[in-house]
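Sequences and hints are given; from them, build the entire structure.
Line by line, the protein sequences give chains A and B. So the first sequence is numbered by the working numbering: it starts at 1 and just counts up by one. So the second sequence is numbered by the working numbering: it starts at 1001 and just counts up by one.
Treat the hints with caution; some may be incorrect.
Which residues of chain B face chain A? A partial, calculated answer using Cβ under 10 Å [as the list claims (entries may be wrong)]:
(1) Lys1197
(2) Ala1199
(3) Gly1312
(4) Ser1376
(5) Arg1377
(6) Lys1380
(7) Tyr1383
(8) Ala1384
(9) Val1391
(10) Ser1401
(11) Gly1465
(12) Glu1468
(13) Ile1491
(14) Pro1493
Covered stretches of chain A (in silico footprint by chain B; criterion: 3 or more residues with CB under 8 Å from a CB of chain B, positions within the stretch not fixed) [as the list claims (entries may be wrong)]:
(15) 75-85
(16) 90-98
If you are wondering where the hints come from, they were derived from the structure by calculation, not from laboratory data. A virtual CB, placed ideally from N, CA and C, is assigned to each residue, including glycine.
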Amino acid sequence: MLKVEDLHVYYGAIHALQGINFELEKGEIVALIGANGAGKSTSLNTVSGLLRPAQGSVTFNGEVLNKVPAQQIVRKGIIQVPEGRKIFGRMTVWENLEMGAFIGSDRAVILQDIDSAFSRFPRLKERRNQLGGTLSGGEQQMLAIARGLMAHPDLLLLDEPSMGLSPLLVEQIFDIIQDINEQGTSILLVEQNAQMALAIADRAYVLETGKIVMKGSGDDLLEDQSVIEAYLGGH
Amino acid sequence: MSNLSLKNGRNAGIVFGIIILIMFSTGFTLIGNQLVAKLIGNEGFKGLDQFKVFVIFMVLMGLWNGSTAARKPAIAKDEMMPAIANGLVAGLVFGVFSLVISVFFGTMLIIKVDIRNYLVNISPESTKLFLFDQTPVLGGAYHFGIALITSFAGAFLAHFTRTNQSLRNFIANSKRSVSDFSGSPKVVSTVNNQYFKIASYLVLAALLIIIPRQWGSYWNYVFGTVGIYVLLGLGLNIITGWAGQLVIGYVAFFAVGAYSFSLLTSPAPHNLMWNFWIALAVGVVAAAVSGLLIGLPILNLRGDYLAIVTLGLAEIIRILLKSDMLTDFTGGPRGLQKVGGPTLLGNSITSDIDFMYLIIIAVLVVTFFAYRLQNSRTGKAWYAINLDETVARATGINAYSSKLLALTLSAAVAGLAGALFASRNQFTGPDDHALMVSINVICLVIVGGIGNIPGIFLGAFALKGLPEILREIENYRLLVFGVLLIVMMRIRPEGFLPSQRPKLEHPIDLAKSGKEE
Chain A
1 MLKVEDLHVY YGAIHALQGI NFELEKGEIV ALIGANGAGK STSLNTVSGL LRPAQGSVTF
61 NGEVLNKVPA QQIVRKGIIQ VPEGRKIFGR MTVWENLEMG AFIGSDRAVI LQDIDSAFSR
121 FPRLKERRNQ LGGTLSGGEQ QMLAIARGLM AHPDLLLLDE PSMGLSPLLV EQIFDIIQDI
181 NEQGTSILLV EQNAQMALAI ADRAYVLETG KIVMKGSGDD LLEDQSVIEA YLGGH
Chain B
1001 MSNLSLKNGR NAGIVFGIII LIMFSTGFTL IGNQLVAKLI GNEGFKGLDQ FKVFVIFMVL
1061 MGLWNGSTAA RKPAIAKDEM MPAIANGLVA GLVFGVFSLV ISVFFGTMLI IKVDIRNYLV
1121 NISPESTKLF LFDQTPVLGG AYHFGIALIT SFAGAFLAHF TRTNQSLRNF IANSKRSVSD
1181 FSGSPKVVST VNNQYFKIAS YLVLAALLII IPRQWGSYWN YVFGTVGIYV LLGLGLNIIT
1241 GWAGQLVIGY VAFFAVGAYS FSLLTSPAPH NLMWNFWIAL AVGVVAAAVS GLLIGLPILN
1301 LRGDYLAIVT LGLAEIIRIL LKSDMLTDFT GGPRGLQKVG GPTLLGNSIT SDIDFMYLII
1361 IAVLVVTFFA YRLQNSRTGK AWYAINLDET VARATGINAY SSKLLALTLS AAVAGLAGAL
1421 FASRNQFTGP DDHALMVSIN VICLVIVGGI GNIPGIFLGA FALKGLPEIL REIENYRLLV
1481 FGVLLIVMMR IRPEGFLPSQ RPKLEHPIDL AKSGKEE
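Written out as structure tokens, the structure reads:
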């Protein structure tokens, strides 16, 4: 479904991605794990079109996305939920969800989608008239995911959904991610919380300073000695 | 009742006492009086009249004082005693202030100490006015009496409006209608409210038709200028208020509109003498195109580039217009004379009243489109970009073309304002397009409440209309502006009328979710 080949991305003189390759099959959860600055978010931003590769290609359903603008990539079914719970703080929960459906035009479908978002996240329903910025961290993350789903993505890009959340909330969020996946949305997940990410991922890639240093199924990597030492805090 | 707090009353009294002291010592009571007399057309009022005006002023201050003291949320609504007691205390404190001022300055007047050596604005006339032309003690006693009675009345009124249910309903309804009017539609709307709305539109229409005929060419000129600035504010608000992209050199588009229009309708240097309406359209389009061209290379960048580039553009345009090199083409430093006026069915309509109507129509049309835009898909996209461009792009908004559209529309409105401005003055020159115009427009948008359409009207009035009205007391202009700024920072940091995006309540499945509002 998604295929990334020999991807190079620069921030000015900084060579952030140094030729990475990964792929994702339809229906999979694929995780990119690694430390700060390894290039995880950069990879996601390049797939969603917010950044442009200097070399290499991103192919989605057989179509090369390198030169497709971000707003068109959204229409092709790739939706990014950006890092740090980026919601529209001065819009209400409801308006945020409406913005998520920006590419849709059928009012009835939008209302129906908002309804199903509310049944998935009952908390958001309670707070639908509240400004996004006044929600708690967990609620904001839920809103960000709900907003992403409003566009009916085939592939959901999740950037650090566990960031700054309590362990209990992290578990809740990951349950939701799995649930979304089971309903047919493929997921590309970027996480520092390697333990959680590997537990739900079908496959995973380990990034280190702009290169992929290891790949395998989630379970295999969870048991891999070097991964345990580097990312899982084990011995 | 058991622990009756009179703190509110005391504080209100002190605040109002200090206000009176400041007003008196800056001579504002006298000047303000003269201003009121002028505004109500009572030129050269004599004798008792000015005392009447001053008494009315003091009565109003007293009522305000009392109601302030009684209306604090800390005061229980269901009891009358605390409200009234606080009002009385406020009146007492306020009265003591006035009494002390009266006695002290009155005595100074009698023993012929020229207080103007120390406080330059306290003239004998001003003191006499303050004493209602009585002896210090008697004048002071009057003050004390007025303060006590009116504060008591104010407290009673405030208490009454707070507790009387039918009155409160009425106020709530009117408020709702007014807020409908000021751009925050509510889903809940009663029939009562609907009539109120229609009535206010009718009153407004009648006023807009009648007033320009009544108030003479001076006020038509002043409010024509306010109207032009409302247009500029509405235009700048699109790109800066909604899309969140700061434009400092907004006057550039104003200049493009004014000059395109003037070059086509002026006898010199080209003698094209086009029809007003065609030239107006060309002016608007030329400004829009200049906005588009400036935006094309810049708007895919984020940050302050647009602000800097438009700032540069404005200065380049002004300097080019001023240069001798282009005199044959743009009229050079002397500008363009005899710019054409509007015609209707072959008749020239160039009186000050005609222009006032023209400006009012332009303002109404632009306001209408502005409201439509704000609530449109495009408006939402702008707001999203304003809040967070990255997320906006991630939700499928084409940030570049949205911003480009905003800048183009913004420039078009400036072009319209420029053409109207040049036509009304029958002149345009480089100095009409100095950077100060941009600064004024930015200020009025911010003062009014950025992103809010009624705020722009208020801001334009405060920044362009008020200084004209206050021309009589020019020396106090800066004082008033200073006070205004401080007050604004304290109580309205987001502008007079902070942006209220339509907050629609969404009651879905009320039965299921149970406890709602």
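Evaluation of the interface hint that places glycine 1312 of chain B against chain A, nearest CB under 10 Å: With Cβ-Cβ at 25 Å, over 10 Å, it is violated.
Hey, does the glycine 1465 of chain B contact hint survive, CB to chain A under 10 Å? violated, 31 Å
Taking the closest Cβ pair, is serine 1376 of chain B under 10 Å from chain A? violated, 12 Å
For the stretch 90-98 of chain A, does the count of residues with a C-beta closer than 8 Å to a C-beta of chain B reach 3? holds (count 6)
Should the hint that alanine 1384 of chain B touches chain A count as held when the rule is a Cβ pair under 10 Å? holds, 6 Å
Does the CB of isoleucine 1491 of chain B sit less than 10 Å away from some CB of chain A? Violated: closest Cβ of chain A sits about 21 Å from isoleucine 1491 of chain B, beyond 10 Å.
With a cut-off of 10 Å on the beta carbons, see whether tyrosine 1383 of chain B makes it to chain A. holds, 7 Å
Closer than 10 Å between Cβ atoms is the bar; does alanine 1199 of chain B clear it against chain A? Give me holds or violated. Hint on alanine 1199 of chain B: violated, closest Cβ of chain A at ~30 Å, above 10 Å.
Is the interface hint satisfied for valine 1391 of chain B? The criterion is a beta-carbon contact with chain A at less than 10 Å. holds, 5 Å
Answer holds if the nearest beta-carbon of chain A is closer than 10 Å to that of lysine 1380 of chain B; otherwise answer violated. Holds. Min distance 7 Å.
For the hint on arginine 1377 of chain B, just tell me whether its beta-carbon gets within less than 10 Å of chain A. holds, 8 Å
Go through the hint on glutamate 1468 of chain B and say holds or violated, using the shortest Cβ distance to chain A against 10 Å. violated, 36 Å
In this structure, the hints that do not hold are numbers 1, 2, 3, 4, 11, 12, 13, 14, in rising order.
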